[in-house]
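Visitor: Here are the chains, one letter per residue:
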Amino acid sequence: MAARAVGVQAVAWLLLCEAAGLSGTPAAPAGAGKKATCSEIILRQEVLKDGFHRDLLIKVKFGESIEDLQTCRLLIKQYIPTGLLVDPYELASLQESNITEAVMVSEDFNIEAPNYLSKESEVLIYARQDSQCIDCFQAFLPVHYRYHRPHSKDGETFIVVNNPDLLMYCDQELPILKCWAQSQVAAPCTLKNKDICQWNNMKYKSVFKNVTLQVPVGLTIHTSLVCSVTLLITILCSTLILLAIFKYGHFSL
Amino acid sequence: MGRALSLRVRPAGVFGAAFVARVALVLYGAFQDRALLVRYTDVDYRVFTDAARLLSQGRSPYLRATYRYTPLLAWLLTPNVHLCEPFGKLLFISCDLLAAWALYRLLLLRGLGRRGACGYCALWLLNPLPMAVSSRGNADALVAALVLAALYLLARGRLACAAVAYGLAVHLKLYPVTYILPIALHLRRGAPRPAPPPAPAPAPRRARASALLRALCSRAVLLFAAVAGLTFCALSLGFYRRYGWEFLEHTYLYHLTRRDIRHNFSPYFYMLYLTAESPWSPALGVAAFLPQLLLLSAASLAYYRDLAFCCFLHTAIFVTFNKVCTSQYFLWYLCLLPLVMPQVRMPWKRAAGLLVLWFVGQALWLAPAYLLEFQGKNTFLFIWLAGLFFFLINCCILIQIISHYKEEPPAERVKCD
Numbered sequence: 001m002a003a004r005a006v007g008v009q010a011v012a013w014l015l016l017c018e019a020a021g022l023s024g025t026p027a028a029p030a031g032a033g034k035k036a037t038c039s040e041i042i043l044r045q046e047v048l049k050d051g052f053h054r055d056l057l058i059k060v061k062f063g064e065s066i067e068d069l070q071t072c073r074l075l076i077k078q079y080i081p082t083g084l085l086v087d088p089y090e091l092a093s094l095q096e097s098n099i100t101e102a103v104m105v106s107e108d109f110n111i112e113a114p115n116y117l118s119k120e121s122e123v124l125i126y127a128r129q130d131s132q133c134i135d136c137f138q139a140f141l142p143v144h145y146r147y148h149r150p151h152s153k154d155g156e157t158f159i160v161v162n163n164p165d166l167l168m169y170c171d172q173e174l175p176i177l178k179c180w181a182q183s184q185v186a187a188p189c190t191l192k193n194k195d196i197c198q199w200n201n202m203k204y205k206s207v208f209k210n211v212t213l214q215v216p217v218g219l220t221i222h223t224s225l226v227c228s229v230t231l232l233i234t235i236l237c238s239t240l241i242l243l244a245i246f247k248y249g250h251f252s253l
Numbered sequence: 001m002g003r004a005l006s007l008r009v010r011p012a013g014v015f016g017a018a019f020v021a022r023v024a025l026v027l028y029g030a031f032q033d034r035a036l037l038v039r040y041t042d043v044d045y046r047v048f049t050d051a052a053r054l055l056s057q058g059r060s061p062y063l064r065a066t067y068r069y070t071p072l073l074a075w076l077l078t079p080n081v082h083l084c085e086p087f088g089k090l091l092f093i094s095c096d097l098l099a100a101w102a103l104y105r106l107l108l109l110r111g112l113g114r115r116g117a118c119g120y121c122a123l124w125l126l127n128p129l130p131m132a133v134s135s136r137g138n139a140d141a142l143v144a145a146l147v148l149a150a151l152y153l154l155a156r157g158r159l160a161c162a163a164v165a166y167g168l169a170v171h172l173k174l175y176p177v178t179y180i181l182p183i184a185l186h187l188r189r190g191a192p193r194p195a196p197p198p199a200p201a202p203a204p205r206r207a208r209a210s211a212l213l214r215a216l217c218s219r220a221v222l223l224f225a226a227v228a229g230l231t232f233c234a235l236s237l238g239f240y241r242r243y244g245w246e247f248l249e250h251t252y253l254y255h256l257t258r259r260d261i262r263h264n265f266s267p268y269f270y271m272l273y274l275t276a277e278s279p280w281s282p283a284l285g286v287a288a289f290l291p292q293l294l295l296l297s298a299a300s301l302a303y304y305r306d307l308a309f310c311c312f313l314h315t316a317i318f319v320t321f322n323k324v325c326t327s328q329y330f331l332w333y334l335c336l337l338p339l340v341m342p343q344v345r346m347p348w349k350r351a352a353g354l355l356v357l358w359f360v361g362q363a364l365w366l367a368p369a370y371l372l373e374f375q376g377k378n379t380f381l382f383i384w385l386a387g388l389f390f391f392l393i394n395c396c397i398l399i400q401i402i403s404h405y406k407e408e409p410p411a412e413r414v415k416c417d
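In the order they appear, the protein sequences are chains A and B.
Be aware that the first sequence starts at 1, since it is given in the numbering used here, and climbs by one per residue.
Be aware that the second sequence starts at 1, since it is given in the numbering used here, and climbs by one per residue.
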């Protein structure tokens, strides 16, 4: 009985250790002691400005000072929901003005469609080193709202922007990368050339679970009022203009 | 209102000042584009330039999203790519001045003196709206110039040339197609008249309709229709063979079936947005189209004798009752206003009051639209109400113009040179 209890306890401990090992960072074969020094990458998504034209600002901070971070590049793969629109021509002109380096991955897009006729898209943003804080990167993307379906009750609907994928590529093989790297993703090395690099998909902690945006929409309870009043006024005015034409115009052939 | 507009300067002075002002705006625009984040140049101009670049590389201009114009425009702007980017703006400015010149010549033909004609042209030349529109790179001045050239050539009796200009104008922007009925009725006046009708017995409807049809088939009408139709079809067919279905879709079909549910000046905007997915949507679209059709037909039959006034009424009615209306559309009838004004005998106080009212109507729409687009407030109902109010103001102005219009030509009035 006691042996079985010990056996069960041992199995329980083993399972617990395994679980701890799985939920932690991918097993670093070179000594579990290094796990303790892996700090987190903090990612923060903010949306600036008001109205239909917004700016998405993504800030990434490395938890500890890393040498040779200058040799690394950070790429943010942002998933754009159907409710938002990114104008690729605007991105091209911002790139020319050297404000941000971003490119749309999806080919098929319609700038004018409402959200229910649009598809999700992906944007790659090449982050820049933030001058205001050490070991920080930031990325900036202008987004626009699409028109949404009108609602029956609330005058607002929501767009949810999920957290992006964080990709990192270093010229040299930095051991610290193994703390965070989950998988490898192929993506263009820089915006300008077409070479593909193998970027590391990094694990990070996000300040917010996601970003929620409020979009004003029309109210369907107005429909009958709006239709009847609009048609009434347009028919009334067209009748008045018609009467004026008959009164003052000369009809003869 | 007719007497107040004699200027003390010569026509060359006014044209010169207009040219200098426009070039100055283009230069300022280049500066603002570089210095500030908010660009002076319109988005459309970038679209034209990108399409011209694609065309010069031998590819289809329709690869550029939102390019919804004829390939002819991209071809005209290829020097944007090879020479310098402001070339297109300078082209549009030249079209502005060409339109003003056609206005001037038309006013002279109607019997106004040089100073009087110049005074009315100043309403276009020194008006900030066409100045801003052309210097920002919109192509509406091109169509305005072609329409005015067609009217001038018709007044001079050069039917074939007028028909070519008209065909080109319709190819560039579809709205001049509504002028075909008044032009046909106007040209028919030159046809040999039938025997005078007997004493007032109301002719049966079928007899009147067939008389109308026979009258429309005069030689002048057929010549005009044939040449204009040939110009239009030749251009369309040529581009269709080169670019396929995309050309038809973007150049013509998009504008015919355009249902923009995003906010704009039209009184129908909110109605179309709320019913965009409802089964009533096609019926409402037709209901919105019928007043336009009815009014355009009535205006053609009543005023075809004065082609300029008829075309002005056509375009003003078309723009006011359209399902989509943006500020560029105002230019379409603004270019004909100087032609019409000598015969609209309105006290200048009333005219000034109507003008102020028009601007107030626009401002009342722009305020909630700004709150919606740049502050995210739900002002849809206010935008709708402001749109209806602006629509009412436009109708009021139209009725005032119709009621004050006098048909006799200005040559019979005392000239005030």
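Where hints are given, some of them may not hold.
Pairs of lysine-lysine, DSS-like flavour, derived with a Cα cap of 25 Å [claimed, not checked]:
{"id": "1", "chain 1": "A", "residue 1": "K203", "chain 2": "A", "residue 2": "K77"}
{"id": "2", "chain 1": "A", "residue 1": "K209", "chain 2": "A", "residue 2": "K77"}
{"id": "3", "chain 1": "A", "residue 1": "K153", "chain 2": "B", "residue 2": "K406"}
{"id": "4", "chain 1": "B", "residue 1": "K377", "chain 2": "A", "residue 2": "K247"}
{"id": "5", "chain 1": "A", "residue 1": "K77", "chain 2": "A", "residue 2": "K194"}
{"id": "6", "chain 1": "B", "residue 1": "K406", "chain 2": "A", "residue 2": "K49"}
{"id": "7", "chain 1": "A", "residue 1": "K61", "chain 2": "A", "residue 2": "K153"}
{"id": "8", "chain 1": "A", "residue 1": "K119", "chain 2": "A", "residue 2": "K61"}
Keep in mind the hints are simulated off the structure, nothing from the lab.
All of these numbers come straight from a predicted model, not from anything done at the bench.
Visitor: Can you list which hints this structure breaks, lowest number first?
Guide: Going through the list in order, the structure violates hints 3, 4, 6, 7, 8 and respects the others.
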